[in-house]
Structure formats: structure tokens, C-alpha cells
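Enquirer: Just so you know, the sequences run in chain order L and U.
Using full-length UniProt numbering, read the first sequence as starting at 1 and increasing by one per residue.
Using full-length UniProt numbering, read the second sequence as starting at 1 and increasing by one per residue.
Watch out, some of these pointers could steer you wrong.
[Stated by the list, open to error] Calculated cross-link-like contacts (lysine-lysine; reagent style BS3-like; alpha-carbon spacing at most 25 Å): (1) U/K188 / L/K327; (2) U/K332 / L/K33; (3) L/K38 / U/K188.
These are computed hints drawn from the structure, not numbers from a lab.
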Amino acid sequence: MGKKKKKQVVVRPWCWYCERDFEDEKVLIQHQKAKHFKCPHCSKKLNTAGGMVVHVAQVHKETITVVPNAIRGRESTDVEIFGMEGIPPEDVIAHQASLEVESGHVVKKLRTDSIDGSDLSEGKQLTQHQAMMQNPSNAYSYGTYPGYPAQQTASLMPHQYSQFYQRPGVPPTQPYSQAYPYRPSGPSGTPPAAAGWRPPVGGGPAAASYGNMPPYNPSGANPQTAFNGMQSYGRPATPTTSVTSPVDGTYPQYVTTTSPQAAYQQTGTAMAMSNGVGMDDSGAAISIEQGQSVAGQQQQGQQQQTQKKPTATVLVYSDNEVSPEEKRASLEKYRISFGASHIIAPSSHQHSRPF
Amino acid sequence: MINSEQPKDYRIPDPPGDGISALAFSPVADYLAVSSWDTSVRIYEVNAAAGAAYGKALYKHDGAALCCAWSKDGSKLVSGGTDKAGRLFDLATQQPMQIAQHEAPIKTIKWVDNQPNNLVCTGSWDKTVKYWDTRTPNPVLSIDVPDRVYTMDLVSPLLVIGTADRHIVIYNIANPGTPYKTQPSPLKYQTRVISCFVNATGYAIGSIEGRVGIQYLDDKDGHSSFSFKCHREGSNVYSVNAISFHPLHGTFSTAGSDGTFNFWDKDSKQRLKGFSNIGSPISATTFNRNGTFFAYAAAYDWSKGYQSFQQNQNIVYLHGVKEDDVKPRPAKKR
């Protein structure tokens with residue numbers, strides 16, 4: 001276990017604009033000059049965002065308001081960043097927290113101890129963890145959970161914490177297994193917590209159904225999710241899930257709030273793909289999905305599972321089998337000079353209703 | 001349909017009485033052909049100088065007209081419809097005549113303009129694509145495709161056919177009997193529209209899931225194929241109904257059920273211009289021959305089924321294209 005202890009998270013120099021980290025601060029500064037402080041008109045590399053603004057204003061007589069290639073929420077040219085200097089302290093903390101998660105410190109243990117297998121992604125576990133850390137007083141309420149003695153409530157909290165730092169291999173103690181009052185089995189047999197957290201994969205008609213839990217709906221809650229017409233392909237904001245007291249002694253309610261912190265922590269791994277942030281009407285970059293080729297589809301499917309969409313998407317026209325024109329043509333009024341069913345009925349079409 | 005407002009673009013008078021299925025500008029004159037679900041195919045003359053348009057000709061199918069296309073010399077218009085017939089309208093004689101016949105509605109029709117004898121190519125829901133000499137009643141060639149033909153585009157020598165179940169069949173028109181390539185769609189949802197690049201090196205494909213794929217034919221360019229999302233509003237994902245390439249610049253437009261259209265530059269991967277919601281799905285688009293006009297049809301596309309069907313929403317707008325909105329732009333420095 002000595003080796004484990006050595007695995008302390010070392011914070012490498014990292015770029016505030018895109019959450020990339022580097023071997024050395026020199027490299028970081030080079031990166032910032034090349035990626036974020038380069039004049040879009042003449043490719044001159046400036047030292048700071050402010051320097052770039054002044055350069056663009058004086059040399060090219062144009063104004064620039066966003067830092068190129070910066071993740072959403074960090075495009076401001078007003079923040080004076082040079083290397084690691086000038087990073088807002090809250091972002092430093094957020095970055096550190098994300099590193100802890102990525103290093104597997106927290107996650108692995110949670111995963112091995114997870115009751116219903118390990119279908120929680122890192123982000124979910126992180127946010128769950130955060131919800132507890134930030135809000136231990138009201139994160140969970142146990143008193144009314146059926147079968148759980150109320151007098152144990154006081155001693156429960158340490159258990160809750162300890163699970164995150166438990167060594168792997170140490171079997172959970174008995175009270176521990178009951179320390180998941182927020183994830184009782186629903187009537188359907190599915191853990192409602194999972195139903196509440198997991199966004200529907202791939203949209204489609206099923207997207208509207210969330211089982212019997214309150215819908216997961218972070219839409220619009222976070223400015224990071226407000227994409228302009230097109231959605232960046234980067235890993236979107238992850239809502240923090242916190243749990244309030246049970247209602248009427250039945251299942252607890254799940255309340256989702258969005259935390260910018262969580263959002264930032266998620267961006268690091270996906271930034272390479274989301275170049276297209278900061279779009280406006282003209283000159284908007286197309287965010288590219290190279291993984292969209294046929295070969296990449298499976299990979300993308302996996303991404304969709306582990307990745308939270310900013311909003312659950314709903315196909316306005318959702319019948320993948322039959323085109324809208326075929327449906328329209330089967331309408332009575334368009335069967336002008338033929339008998340019924342001159343439209344070939346597609347055999348693969350299992351929907352019985354014509355529209 | 002929030003934020004919808006009537007576009008300031010010119011409305012063509014005397015529009016069809018039902019949904020607009022296709023638009024086509026003549027390659028030699030400012031004639032705009034409009035095929036409609038009201039069975040008619042209309043030809044309007046667009047007077048650019050006076051900023052006016054008026055009806056020039058009209059003929060009818062026995063069922064809804066689903067597609068139309070001009071011959072290269074602009075003297076003839078062909079169209080196809082749910083009456084399973086392909087019809088040819090000769091501007092000189094002003095007479096329509098039937099030139100093609102399928103077992104099911106003809107969804108798409110194109111001229112094979114590099115052939116000396118004026119071949120017409122039709123794609124149908126009967127899972128065939130047929131070539132027709134306009135002077136003979138029988139097809140010159142009939143090819144079977146994997147499923148119902150939904151869309152097809154031809155820029156010689158490239159013919160790309162998109163069918164139901166996401167099949168893509170690519171032909172070299174010089175060798176129409178054998179597919180050059182058969183592949184599944186790069187997009188995961190139903191193919192809505194395919195449009196070839198003006199230089200025939202690839203094609204753009206739009207799906208019902210608000211996404212456009214840019215596909216290059218050449219394998220060595222394969223890595224440059226990509227796709228992007230568009231025509232989405234909040235959590236709603238709209239179908240991409242139309243993709244039209246600018247004839248000179250090679251940039252392209254997309255239009256969708258959401259009622260917006262955009263101009264894009266595929267090479268620099270940028271949106272050149274976005275337009276606000278017109279309050280109705282856009283069912284068809286086209287550029288005129290030199291790309292100075294962009295015509296788009298505000299008409300119901302059946303994306304929300306019969307319930308949302310309103311008879312009165314059938315308008316063809318003419319948008320004067322600003323050069324800066326369609327000129328390719330250098331890629332943004334990253």
C-alpha cells in the first residue's frame with residue numbers, strides 16, 4: 001500500500017482556457033501563445049489575451065471579444081492569464097478535484113463498492129461525491145427510510161464518507177450496504193436513481209420516458225449548455241445530483257442542479273474534439289465529429305452512453321423506417337387516381353398507424 | 001416555432017395550393033419550376049431586374065408531383081409523382097407527355113446531361129432506378145437498389161442514390177449498370193437528402209436527425225469526411241430537408257423542418273450565414289444558375305404528421321444572395 005500513497009495527485013501546469021495540462025509551464029505558455037493568444041488575422045503570437053486584443057485593435061482595426069479555442073465560459077479576454085498565473089481560485093480548486101477523480105482515487109473504490117454493478121460513469125460518481133461533500137447536512141435523509149432505524153442516522157454519515165476512501169478489498173460492513181437509501185429499487189426493478197440520472201441514449205421516441213421518476217431536465221440551467229443552433233461535441237456539463245428528504249416516506253426526490261465546477265471538470269478529456277465553441281452567426285466553426293464514419297459509430301454509441309447530453313434530444317420526425325412523404329402519400333386525399341394502397345407498404349414498418 | 005417572423009424575402013405570387021415538394025431553376029434562364037402535392041408543376045419566370053415573378057406555365061400529374069428537373073439546355077422540364085409517372089414538359093410546345101413509368105411513386109428525377117440522347121433517370125419507391133430515353137416508352141436500363149429511393153443527385157459523372165434503411169449507392173454515370181460503391185449512410189438516421197458537390201468529388205447527406213454528413217468519394221480523402229449537427233432548437237432535433245450547392249462557389253445551403261436555412265463552407269468547416277426561423281418548415285431549396293438567387297419553399301413537410309397539416313402554408317420565397325454570404329472563407333486559425 002506504500003505505492004498507493006505515492007499516487008498523490010500532482011497538479012501539472014494546465015491551461016485555463018482549454019483545461020489541457022502540460023509537462024512544464026514553459027510548454028503551457030507556448031501552448032497558450034499558439035492556441036489562444038494568436039492573432040486570427042496575421043498569426044502573430046501575443047503573450048496575453050489583453051495583448052492580443054490591443055494588437056488586433058491597433059493593427060487590424062477590429063475588435064476581438066473571445067479567446068480562440070477556449071471552452072465555453074472561459075472565452076473572456078478580460079481575464080489576464082499567463083501560464084498558470086491569473087487563474088481564478090475557484091477554477092484551481094475545480095481542476096484539482098477533477099484530477100483526483102481522473103486519477104482513479106475516488107472512482108475505483110466507488111465502482112468496486114457500487115451496489116448495482118458499476119453503471120455509474122465517472123462523472124456521475126463525481127457529482128454524487130460532490131453533492132455529499134458540499135452539502136453533507138442535507139444530502140441524504142435517512143429517518144423515514146423504511147427498515148432503517150432512525151437512531152442510526154447519526155452514525156451513518158461516517159459510513160457514507162468512508163465508502164469513498166475505503167481500501168479496495170475491504171468488504172463493506174453491514175450498515176454500509178444500507179447506506180444507499182437514495183437508491184432503493186423501484187417498482188419496475190430498475191434502480192430509480194439510475195433512471196433519474198441517465199439521459200436517454202440516442203434520442204428517439206423513448207426519450208420522453210423516464211420511468212416513474214421526476215424527469216431529468218437540466219435544460220437551460222447552465223449557460224454552458226446553451227449552444228447556438230449547433231451543439232459542440234465536447235463532453236457537456238454534468239449536473240450535480242443531490243438528494244432531498246423523502247416525500248411521504250416513500251422514495252426520495254432527486255433534484256438536479258448544475259454546477260459549473262462539475263462542468264469544467266468534465267471538459268478536459270473531450271476538449272480535443274470540441275473546437276467549435278463560441279459561435280455566432282457568421283464565421284461559426286462547424287464542430288466536427290470525425291468519429292462519425294461508419295467505423296466510428298460504435299465508438300460514438302459508447303460515448304453517448306457515458307456522456308451526458310446537455311438536453312435530451314427529441315427527434316421531431318422520429319420514424320426512422322418510413323419517410324414523411326410516404327406517409328403523406330398514403331393519405332386518402334392524395335390517392336387521386338388509384339385504388340387504395342398504391343403505396344408499397346414497407347414490410348419493415350411495424351407501426352400500424354399511418355401517421 | 002418561437003422567434004418566427006415573416007422573412008423579408010420576395011414571395012412568389014400565385015403559389016401552389018398544397019405542399020411544395022421540389023424547386024428547380026433552369027440552367028439557362030431565370031425560370032423556376034415548382035412541383036407540388038396539389039399535382040401541379042408550375043414554371044415561374046423570375047425577373048431579377050424588376051424584382052418580380054409571374055407564372056409562365058403549369059401542367060399536372062395524376063397525383064402529387066414529388067420532383068422536377070430541367071434539361072441542360074433549359075428547353076425541357078421533367079417531373080415525377082405519386083401517379084408513378086415521369087412527365088416531360090417541352091417549353092417550346094407547352095405540352096406535357098409521359099416518359100417514365102414505375103411500380104410506385106417516383107420520388108426523384110434527374111437528367112443525365114452528358115449523354116447525347118438526353119437520358120432521364122428516375123428513382124422510385126419501388127426500389128428501382130430507371131434510365132429513360134425520352135423518345136421511347138421503355139426504360140433503357142433498370143437497376144435494382146436495396147430499398148425505396150428517397151433521394152438522388154447527379155452531377156456528372158457522379159450519381160448518388162439514397163434509399164430507405166440508410167443505404168447509399170454510388171454510380172459512375174459512364175457505367176450505369178454497375179455500382180461504383182455501395183455503403184451505409186455515414187449518419188445513423190433516415191436519409192433525407194443527398195446533394196453532390198459541384199465538382200463531383202463527393203456528396204453531402206442530410207438525415208432526419210438534424211445532421212449533415214460531408215462525404216468524399218476518394219478513399220484517400222476519406223479521412224476528410226465529417227459530419228456536423230444543425231437544425232436543432234433546444235432539445236428538438238429537426239430533419240434536414242434540403243441541401244443545395246452554390247453553382248459557382250461550391251458552398252452549400254441546408255434547410256430543415258425547423259424553418260431555418262444556413263449557408264456553409266465545407267472546406268473551411270464554417271457556417272457562413274444563418275437565417276432566422278421563417279415560421280414554417282422549409283421543404284425545398286435551390287440556387288439559380290449563377291447563384292444570385294436562393295429559392296426556398298415554406299411548406300409543411302409532414303414532419304409532425306397529419307395533425308400539424310395546414311393547407312395555407314405554401315410559399316416560395318426568393319432570397320437575393322449576398323456574395324459575402326456564399327463566398328468560401330479561409331479556415332479560421334486555430
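Enquirer: Would you mind marking each hint as holding or not holding in the structure?
Expert: These are the hints, each one checked on the structure:
no. : hint            : result
1   : U/K188 / L/K327 : holds, 21 Å
2   : U/K332 / L/K33  : holds, 16 Å
3   : L/K38 / U/K188  : violated, 37 Å
Comparing the model with each numbered hint stated earlier shows that hint 3 is the single one that does not hold.
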